[in-house]
Amino acid sequence: MAAKKKVKKGDIVKVHYTCMLPNGTMIDRSPENEPLRFRVGEREVIADLEKAVIGLKAGESKTETVPAGLAYGPYHDEWVLEIPKDKLPAGMKTEVGLRVELPGEDGKSFIAAIKHVSISSVMLDFNHPLAGKDLTFEITMLDIQSVKAK
52 MAAKKKVKKG
62 DIVKVHYTCM
72 LPNGTMIDRS
82 PENEPLRFRV
92 GEREVIADLE
102 KAVIGLKAGE
112 SKTETVPAGL
122 AYGPYHDEWV
132 LEIPKDKLPA
142 GMKTEVGLRV
152 ELPGEDGKSF
162 IAAIKHVSIS
172 SVMLDFNHPL
182 AGKDLTFEIT
192 MLDIQSVKAK
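Everything in the sequence shown is counted per our numbering, starting at 52 for the first residue and increasing by one.
No lab work stands behind these hints, which were simulated from the structure alone. Do not take every clue at face value.
What the hints assert, rightly or not - Just the calculated beta-carbon pair ranges, DEER-fashion:
| hint | residue 1 | residue 2 | range |
| --- | --- | --- | --- |
| 1 | L153 | K199 | 38 to 48 Å |
| 2 | G148 | H127 | 14 to 24 Å |
| 3 | K57 | E189 | 37 to 47 Å |
What the hints assert, rightly or not - With a Cα cut of at most 27 Å, we get these calculated DSS-like pairs of lysine-lysine:
| hint | residue 1 | residue 2 |
| --- | --- | --- |
| 4 | K166 | K144 |
| 5 | K199 | K59 |
| 6 | K166 | K65 |
| 7 | K56 | K108 |
| 8 | K144 | K55 |
| 9 | K57 | K144 |
| 10 | K199 | K102 |
Virtual Cβ for every residue (Gly too), placed ideally from N, Cα, C.
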């Protein structure tokens with residue numbers, strides 16, 4: 052009987068995953084009928100998730116904690132800015148908790164969370180919502196496709 056193949060760099064894999072915060076709060080999971088598919092080594096997912104699947108065989112499961120610095124990065128206090136309301140796009144809703152898209156000077160847009168609203172200004176947090184948080188992934192390997200090099 053042939054040994055089951057193990058995941059290696061370059062393989063295309065399908066996994067079911069659940070992503071949780073250290074306190075057990077689930078923040079994301081793959082839908083039951085729609086596993087996550089990615090090519091290992093192509094940076095389609097966070098690097099430590101790619102590393103975690105290397106060596107797994109189809110049917111195996113693994114739990115891996117990805118430190119904040121390797122997931123969505125550290126939380127940067129300097130990325131929380133107070134912006135005068137008259138500098139915001141006209142008609143923009145300014146309610147605490149909303150995530151808003153703001154145009155940058157170079158034409159790119161930025162996403163920020165509204166943290167505080169006063170009469171004259173809005174406190175915006177430009178950090179990713181998961182910045183500064185370790186993430187725990189429960190991964191089940193479903194399928195491995197080896198891709199021949201060209």
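**Report entry** Restraint status (C-alpha distance of K166 to K65 at most 27 Å)
**Finding:** Violated. K166 to K65 sits at ~37 Å, over the 27 Å cutoff.
Query raised in the report: Quick one, are K199 and K102 close enough, alpha carbons at most 27 Å?
Result: holds, 20 Å
Query raised in the report: Between K57 and K144, does the CA-CA distance stay at or below 27 Å?
Result: violated, 50 Å
Requested in this report: Given the hint that K56 pairs with K108, test it: the Cα-Cα distance must not exceed 27 Å.
Outcome: holds, 6 Å
Query raised in the report: Quick one: are K57 and E189 within 37 to 47 Å, going by C-beta?
Result: Taking Cβ atoms as reference, K57 and E189 lie about 19 Å apart, which means the hint is violated.
Query raised in the report: Between L153 and K199, is the Cβ distance one that fits in 38 to 48 Å?
Result: holds, 45 Å
Query raised in the report: Is it true that the CA of K144 sits at most 27 Å from the CA of K55?
Result: violated, 54 Å
Query raised in the report: Given the hinted pair K199 and K59, is their alpha-carbon gap at most 27 Å?
Result: Holds: K199 and K59 sit about 12 Å apart, inside 27 Å.
Query raised in the report: CB of G148 to CB of H127, is that within 14 to 24 Å?
Result: holds, 20 Å
Query raised in the report: Going straight from one Cα to the other, do K166 and K144 come out at no more than 27 Å?
Result: holds, 13 Å
In this structure, the hints that do not hold are numbers 3, 6, 8 and 9, in rising order.
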